[in-house]
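For the record, the sequence lines run as chains Y and H. So the first sequence is numbered by this note's numbering: it starts at 1 and just counts up by one. So the second sequence is numbered by this note's numbering: it starts at 1001 and just counts up by one.
These are computed hints drawn from the structure, not numbers from a lab. Only a predicted model underlies this, so the values are computations on that prediction, with no experimental measurement involved. There may be inaccurate statements among the hints.
20 Å max Cα-Cα, derived PhoX-like pairs, lysine-lysine [as the list claims (entries may be wrong)]:
#1 H:1128 to H:1259
#2 H:1155 to H:1220
#3 H:1227 to Y:51
#4 Y:128 to Y:51
#5 H:1029 to Y:128
#6 Y:141 to H:1051
#7 H:1232 to H:1306
#8 H:1128 to H:1198
#9 H:1029 to Y:29
#10 H:1141 to Y:51
#11 H:1227 to Y:155
#12 Y:227 to Y:308
#13 Y:306 to Y:232
#14 H:1051 to H:1128
Selected chain H positions facing chain Y (Cβ under 10 Å, derived; list incomplete) [unchecked claim]:
#15 1024
#16 1068
#17 1140
#18 1269
#19 1272
Here a beta-carbon is modelled for each residue, glycine too, at the ideal position from N, C-alpha and C.
There are 2 protein chains.
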Amino acid sequence: MLENKSNQHTSLSELGEFGLIAHLTEHFKIHHSTTLKAVGDDAAVIDQGTKQTLITTDLLVEGVHFDLSYMPLKHLGYKAVMVNLSDVYAMNGTAEQITVSIAVSNRFSLEALEELYAGIQLACNTYKVDLIGGDTTSSTKGMLLSITAIGAANKEDIVYRNGAKETDLLVVSGDLGAAYLGLQVLEREKQVFQVDPKNQPDLDNYTYLIERQLKPEARKDIPEMLKELNVKPTSMIDISDGLSSEIMHICSQSKVGCKVYEDKLPLDPQVISTCEEFELDSTMIALSGGEDYELLFTVPIADFDKIKGNPNFSIIGHITEESQGLNLVTRANQEIELKAQGWNAMKDS
Amino acid sequence: MLENKSNQHTSLSELGEFGLIAHLTEHFKIHHSTTLKAVGDDAAVIDQGTKQTLITTDLLVEGVHFDLSYMPLKHLGYKAVMVNLSDVYAMNGTAEQITVSIAVSNRFSLEALEELYAGIQLACNTYKVDLIGGDTTSSTKGMLLSITAIGAANKEDIVYRNGAKETDLLVVSGDLGAAYLGLQVLEREKQVFQVDPKNQPDLDNYTYLIERQLKPEARKDIPEMLKELNVKPTSMIDISDGLSSEIMHICSQSKVGCKVYEDKLPLDPQVISTCEEFELDSTMIALSGGEDYELLFTVPIADFDKIKGNPNFSIIGHITEESQGLNLVTRANQEIELKAQGWNAMKDS
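For reference, chain Y alone in the conformation it holds in the complex (with noise of 0.2 Å):
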């Protein structure tokens, strides 16, 4: 056990998490021919004969992940869950159990916690998950939830982020930059309330925004839909950091590039009208946003006929050989560059 003695000290922000990930964990062997999939998807995926095991955590951090000033507790329980079930729907699994791990200051009292419990109670209900463990500790500041999600999965049904082949159509569920928006309109309230803490908000405009930003939906019926439908994607993501940035993901893992199509990107009315008023460029807030926990998938273009007119679906591209990389077709009909500009929570850092 030496010690690292060479004294450079080089910022996490310079690699950006996913970079952290992958130079922390390369040179980790396998030792269990039952792990199929370790560190690179929307979760890890074990052996069990015919079922498949998929785990996948996450970590949200009070100042970084969310600021209590405005998300009731309730709903952050709420939230939390809905952030890891999200990752196993992107694997096209069910998810069956989470554990809950706390750390919080003594700044909570019993009964916040009870509330936080009460969101966190009401999502297992409502998407029939069962809590089966954790951790509750003390925390030196403010509040931190470790939730793991596990869920199962026949072999032949689980979708992985590389399988996206050329000329298969990009589909997105539900709208985009909605979450995003949400928070925006949050954070203004809040400067506003700072200012004169006697100012009554009017949401009523943002209503869709902000119940996107606080009480956002894991899409379950996304992959029971496609099963209906007789349809298995060749690649899927959750929307987690922002539609660019997962669409990197896949093409990167799939060795393809793409073609994505802005008067084709899904925007709430609620979406466009608040980008009039912030001044925001509402296919930047679409591509950028980030947590709209939206399902995107790949399918091959002989389902099209399965997909087209389902209200739950946008067909918003389709993908390319990987020398063409990937590009936006913007509505003068020019090529861009797609470029990721996900929220990046080491950039923070």
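Given chain Y, work out where chain H should sit, using these hints.
Here is chain H on its own, set in the frame of chain Y:
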């Protein structure tokens, strides 16, 4: 999602960690028949047909569970894995995978995290477990580690906390109290260093204690050894919070009492000499020290011949009827009530 407006404010330390978990999770329903054991044992158990999956998770917070002024990061990584594997072995299972999530402030460099992961990797290679996932994020203060271990066991091999029967022998592996004393020695050296940074500590008399604190080993060998001896414990738990606290878990879940004999408690010579030096009662340290990561288990009295004389095991007492309570038989042959004064991470909050 209504808020609880009752404005009650109950401090968390009033409940303690176990009371808190029990309170917060008491109304959670189980939705899946595959969830065999949820909260309340060393690990949760999920039914996978002939094999069962074991899941356990622990949260380690800087300033609460570890002090980086004397805990090298490589040791911390190693120990954090041990803490979790120990829970899997306490179910009589085999640990196969872990997830590791970390939150770190900008005080930590890439090289610091490389040290941490070098310790995690050493643990993975030594104990043959696969790192399959995790999350890496920034924190507003200090370092926090959340590890989940996944294990496997045949259904008939799993040992819970609730199977101890009257007349069963109470057995502990290894020896007790050394890790706690190691912490006391390190704390003392830290204070000496703060007064006189040039002072070179002489730790030769405490090497075993310090190793037990900084680089504990989980007892992977014990379930293997018991299998070879053809002994299946009736109950088992790992000693993380202190022997008496763990005995109380087994007795309350098994609805039994016990007698523990003071003169049977296994103590390393360094524990005895250091207790004298620190003017501490070695029995008290053995009962309440914590962080030993040994296994405590009960076996039918018929297995006495298989256990006695084995240097890995100490028979420290036996199980009695519940009404007789939990008792310590002192060297002077007096019976006194056994009390749990185990370390409680919530008390300091």
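Hints, one by one, checked against the model:
{"no.": "1", "hint": "H:1128 to H:1259", "verdict": "violated (37 Å)"}
{"no.": "2", "hint": "H:1155 to H:1220", "verdict": "holds (18 Å)"}
{"no.": "3", "hint": "H:1227 to Y:51", "verdict": "violated (28 Å)"}
{"no.": "4", "hint": "Y:128 to Y:51", "verdict": "holds (19 Å)"}
{"no.": "5", "hint": "H:1029 to Y:128", "verdict": "holds (9 Å)"}
{"no.": "6", "hint": "Y:141 to H:1051", "verdict": "violated (41 Å)"}
{"no.": "7", "hint": "H:1232 to H:1306", "verdict": "holds (11 Å)"}
{"no.": "8", "hint": "H:1128 to H:1198", "verdict": "violated (41 Å)"}
{"no.": "9", "hint": "H:1029 to Y:29", "verdict": "violated (38 Å)"}
{"no.": "10", "hint": "H:1141 to Y:51", "verdict": "violated (41 Å)"}
{"no.": "11", "hint": "H:1227 to Y:155", "verdict": "violated (32 Å)"}
{"no.": "12", "hint": "Y:227 to Y:308", "verdict": "holds (16 Å)"}
{"no.": "13", "hint": "Y:306 to Y:232", "verdict": "holds (11 Å)"}
{"no.": "14", "hint": "H:1051 to H:1128", "verdict": "holds (19 Å)"}
{"no.": "15", "hint": "1024", "verdict": "holds (4 Å)"}
{"no.": "16", "hint": "1068", "verdict": "violated (12 Å)"}
{"no.": "17", "hint": "1140", "verdict": "holds (4 Å)"}
{"no.": "18", "hint": "1269", "verdict": "violated (24 Å)"}
{"no.": "19", "hint": "1272", "verdict": "violated (27 Å)"}
When held up to the earlier numbered hints, the structure conflicts with 1, 3, 6, 8, 9, 10, 11, 16, 18, 19 and fits the remainder.
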